[in-house]
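Please work from the sequences and hints to get the whole structure.
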Amino acid sequence: MSVTTRRTRLAAAALAAITAIGGLAACGNDDDKPAAGEKPAKLVVDTFGEFGYEELVKQYEKDTGIKVELRKTAQLAEYRPKLVRYLATGKGAADVTALEEGILNEFKPNARNWADLNPLVSDHSKEFLPWKWELGKAPDGRLLGLPTDVGSLAVCYRKDLFQAAGLPTERDQVSALWPDWKGFHDAGLKYKQGSGGKAFIDSITAVSNGVLFQGNGDLFYDKEDNIIADTSPAVKNAWDTATSMADISAKAQTWSPEWSGGFKQGTFAATFCPSWMLGIVSENSGAENKGKWDVASVPGGGGNWGGSWLAVPAQSKYPKEAAKLAEYLTNAKSQVEAFKAKGPLPTNLEALKNDAFISYTNEYFSNAPTGKIFGESVAKIQPIHLGPKHQAVKENALEPAMRAFESGQASKEKAWEQFTKDAKTQGAF
Amino acid sequence: MSLSATTAPPSPAAPPSPDVPSRRHRGRLFNRLDVKYSPYLYIAPFFLIFGAFGLYPMVRTAWMSLHDWDMIGEHTFIGLDNYTRLFADEYFWNALVNTFGIFALSTIPQLLLALFLANLLNRTFLRAKTFFRMAIFMPNVVSVAAVAIVFGMLFQREFGLFNWLLGLVGVDPVDWDGQRWSSWFAISTMVNWRWTGYNTLILLAGMQAIPKDLYEAAAIDGASPWRQFWQITLPMLKPTFTFVVILSTIGGMQLFTEPLLFANGNVLGGSQREFQTLAMYMYEMGITNLNTAGYGAAVAWAIFMIIVVVSLFNFLLVRRSAK
Numbered sequence: 001m002s003v004t005t006r007r008t009r010l011a012a013a014a015l016a017a018i019t020a021i022g023g024l025a026a027c028g029n030d031d032d033k034p035a036a037g038e039k040p041a042k043l044v045v046d047t048f049g050e051f052g053y054e055e056l057v058k059q060y061e062k063d064t065g066i067k068v069e070l071r072k073t074a075q076l077a078e079y080r081p082k083l084v085r086y087l088a089t090g091k092g093a094a095d096v097t098a099l100e101e102g103i104l105n106e107f108k109p110n111a112r113n114w115a116d117l118n119p120l121v122s123d124h125s126k127e128f129l130p131w132k133w134e135l136g137k138a139p140d141g142r143l144l145g146l147p148t149d150v151g152s153l154a155v156c157y158r159k160d161l162f163q164a165a166g167l168p169t170e171r172d173q174v175s176a177l178w179p180d181w182k183g184f185h186d187a188g189l190k191y192k193q194g195s196g197g198k199a200f201i202d203s204i205t206a207v208s209n210g211v212l213f214q215g216n217g218d219l220f221y222d223k224e225d226n227i228i229a230d231t232s233p234a235v236k237n238a239w240d241t242a243t244s245m246a247d248i249s250a251k252a253q254t255w256s257p258e259w260s261g262g263f264k265q266g267t268f269a270a271t272f273c274p275s276w277m278l279g280i281v282s283e284n285s286g287a288e289n290k291g292k293w294d295v296a297s298v299p300g301g302g303g304n305w306g307g308s309w310l311a312v313p314a315q316s317k318y319p320k321e322a323a324k325l326a327e328y329l330t331n332a333k334s335q336v337e338a339f340k341a342k343g344p345l346p347t348n349l350e351a352l353k354n355d356a357f358i359s360y361t362n363e364y365f366s367n368a369p370t371g372k373i374f375g376e377s378v379a380k381i382q383p384i385h386l387g388p389k390h391q392a393v394k395e396n397a398l399e400p401a402m403r404a405f406e407s408g409q410a411s412k413e414k415a416w417e418q419f420t421k422d423a424k425t426q427g428a429f
Numbered sequence: 001m002s003l004s005a006t007t008a009p010p011s012p013a014a015p016p017s018p019d020v021p022s023r024r025h026r027g028r029l030f031n032r033l034d035v036k037y038s039p040y041l042y043i044a045p046f047f048l049i050f051g052a053f054g055l056y057p058m059v060r061t062a063w064m065s066l067h068d069w070d071m072i073g074e075h076t077f078i079g080l081d082n083y084t085r086l087f088a089d090e091y092f093w094n095a096l097v098n099t100f101g102i103f104a105l106s107t108i109p110q111l112l113l114a115l116f117l118a119n120l121l122n123r124t125f126l127r128a129k130t131f132f133r134m135a136i137f138m139p140n141v142v143s144v145a146a147v148a149i150v151f152g153m154l155f156q157r158e159f160g161l162f163n164w165l166l167g168l169v170g171v172d173p174v175d176w177d178g179q180r181w182s183s184w185f186a187i188s189t190m191v192n193w194r195w196t197g198y199n200t201l202i203l204l205a206g207m208q209a210i211p212k213d214l215y216e217a218a219a220i221d222g223a224s225p226w227r228q229f230w231q232i233t234l235p236m237l238k239p240t241f242t243f244v245v246i247l248s249t250i251g252g253m254q255l256f257t258e259p260l261l262f263a264n265g266n267v268l269g270g271s272q273r274e275f276q277t278l279a280m281y282m283y284e285m286g287i288t289n290l291n292t293a294g295y296g297a298a299v300a301w302a303i304f305m306i307i308v309v310v311s312l313f314n315f316l317l318v319r320r321s322a323k
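Here the protein sequences line up with chains H and U, keeping their order.
Residues in the first sequence are numbered consecutively from 1, following the numbering used here.
Residues in the second sequence are numbered consecutively from 1, following the numbering used here.
Any given hint could be a false lead.
Covered stretches of chain H (chain U as the covering partner; in silico rule of three or more C-beta atoms under 8 Å from a C-beta of chain U) [stated by the list, open to error]:
1. 79-87
2. 104-114
3. 257-268
Bear in mind the hints are in silico, worked out from the structure with no lab data behind them.
C-beta: ideal position from N, C-alpha, C; glycine also.
Rendered as structure tokens:
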């Protein structure tokens with residue numbers, strides 16, 4: 001066997017392999033759009049956490065004859081990588097995709113991945129909270145998302161534990177304990193004393209969340225998206241307030257097993273509850289703690305943690321129908337239904353005025369009038385400019401540094417140093 | 001079509017059927033093609049799959065690492081900038097130290113234990129051999145995520161079993177994911193639990209391939225079992241041991257799932273990155289941060305180069321020390 005023939009054959013085999021790989025890659029391109037006006041057999045909706053769309057979707061199927069598949073992901077941390085994969089590979093995305101505030105901001109610089117909703121739906125700009133509506137737009141004016149909910153803040157507290165520690169239990173009296181953050185800290189110290197040294201709140205990062213989102217000016221970015229994390233007074237204020245509470249903290253990081261387990265064990269007596277958190281608190285506390293939780297107002301006025309939009313990925317084959325579905329899911333009636341089902345707080349002005357919403361009381365939380373409490377706090381929310389990588393700076397720079405201080409691994413100065421250094425790298429975009 | 005030819009009664013006087021030579025020729029051609037090309041056909045599936053899922057991603061990653069690559073946006077060619085940045089990146093070196101620390105803590109005790117267990121299982125007097133061999137392999141069958149979740153619970157600060165046990169003997173609870181040593185220890189425990197049995201079986205197989213007469217001759221010469229182990233088992237086990245060491249090196253350098261789940265899925269690996277491994281750092285840069293995918297690709301290639309170097313080093317080390 002001559003060397004040359006062997007070489008040719010090797011080359012042939014290699015060629016065959018390459019063609020096969022090429023073939024595999026070629027399978028990825030099937031972006032044949034259906035003819036205009038063709039009715040889709042099925043639309044897919046991607047949400048995370050609890051949006052309360054189950055019943056609404058069934059109604060939509062009945063009304064339109066279009067099947068709707070609801071894909072739910074429990075945690076935002078698992079949801080985001082999926083979305084990124086869909087966008088990076090150009091396939092797999094749902095027709096209607098829920099975008100949380102942090103994700104939306106991060107995706108804004110690459111707005112082309114999303115359909116512009118302006119020509120697809122009628123003008124709803126006057127129907128929603130104005131600042132919420134504005135945040136759904138890209139810098140170039142494209143409308144990326146229709147508002148779903150806001151995360152207006154409140155404090156969830158355990159009445160039974162408060163009582164045992166000698167604190168008031170009625171929600172108005174409890175709210176009166178903490179007109180400001182100092183009052184909150186004092187109440188915590190009193191609880192600690194009365195309960196024999198038990199922790200009052202879940203973690204100092206939960207406090208910092210609360211303070212950050214009260215909107216006392218720009219946070220990690222200024223209006224031109226320059227990183228100002230190390231000089232921003234609002235961030236410093238959140239830092240100082242939160243770190244001062246280390247002595248009443250259970251050091252249970254939000255979403256960790258210590259945290260979810262802590263609800264049942266009563267390792268902390270209070271936590272910060274945006275409206276969407278109510279479902280999570282009741283889930284974690286279980287049926288045996290029904291009626292032990294109640295809802296009071298947050299120190300220092302209103303604040304906003306989270307909240308989402310519904311967007312249509314540019315890769316959707318049925319952008320028009322998808323936009324119609326998003327329109328339906330965010331209309332006033334749907335938002336009230338979703339709120340009653342799982343707690344996401346309406347952003348549709350009409351929904352916020354709806355009687356069914358205002359008069360709604362939450363059975364699990366000692367029949368607290370959550371509709372009224374959260375509805376009133378929505379008015380106090382100050383819109384904040386978050387900037388493209390707000391979420392990354394908060395989760396990968398600010399909160400780790402706070403935890404390092406909270407657990408005693410680093411001094412306050414060292415932790416602050418860690419934060420300002422990491423904020424620069426995490427915030428770059 | 002050839003039925004008539006084969007069933008026709010053989011008659012010596014009849015002339016040979018005209019289609020026989022062409023048939024034989026065709027058969028020979030097929031035979032030649034078969035001999036020549038079939039082997040390639042048989043090994044093709046591996047090369048195709050390797051090409052699609054091994055080679056192509058590697059080449060693509062190398063290409064990405066030369067770019068400022070936004071996962072869902074622009075890509076700009078920047079040459080080797082990502083690699084120069086890597087050398088000055090404190091968190092890259094931190095991840096490297098963590099990876100080597102956990103690697104040492106998990107591989108060294110693990111291989112010693114595996115050697116010890118394999119030697120025990122190799123004893124002729126042992127009863128229920130198959131049972132023990134199966135039992136020791138069981139942890140490896142369990143899904144790594146399940147292992148990490150269960151151990152994560154055991155190592156919890158508040159309600160964890162290990163802290164409870166420590167409490168029984170009067171030791172203060174340890175914040176396992178709060179310090180370097182404790183988190184490394186916890187993660188190494190998971191790795192050891194899962195992989196010791198696997199390595200034991202491979203070493204055992206190596207031991208069984210050693211001819212018995214060597215031991216008999218040594219025993220007659222009066223060598224103790226200990227001496228037999230050092231003078232016969234270990235030297236004869238050299239090739240197997242090299243294999244095991246290299247496999248462990250590759251696994252150890254790519255450690256990802258255990259530390260990630262130990263950190264509740266947070267890719268930073270502890271609030272001060274106490275146990276962020278190289279693979280986690282690659283994930284943070286390449287997947288979590290959308291706009292640094294190119295840099296993440298550079299980290300991936302750095303991991304690859306490190307594995308090559310460390311494997312070579314270990315290979316030489318094992319070969320020399322066993323001489």
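task: Three residues minimum, CB to CB under 8 Å: does the region 79-87 of chain H make the cut for coverage by chain U? Let me know.
output: holds (count 3)
task: Mind taking a look at whether chain U covers the region 257-268 of chain H? Criterion is 3 or more residues with CB to CB distance under 8 Å.
output: holds (count 6)
query: Within the assertion that chain U covers the region 104-114 of chain H, do at least three residues meet a Cβ-to-Cβ distance smaller than 8 Å?
result: holds (count 5)
The structure fails none of the hints (numbered hints given earlier).
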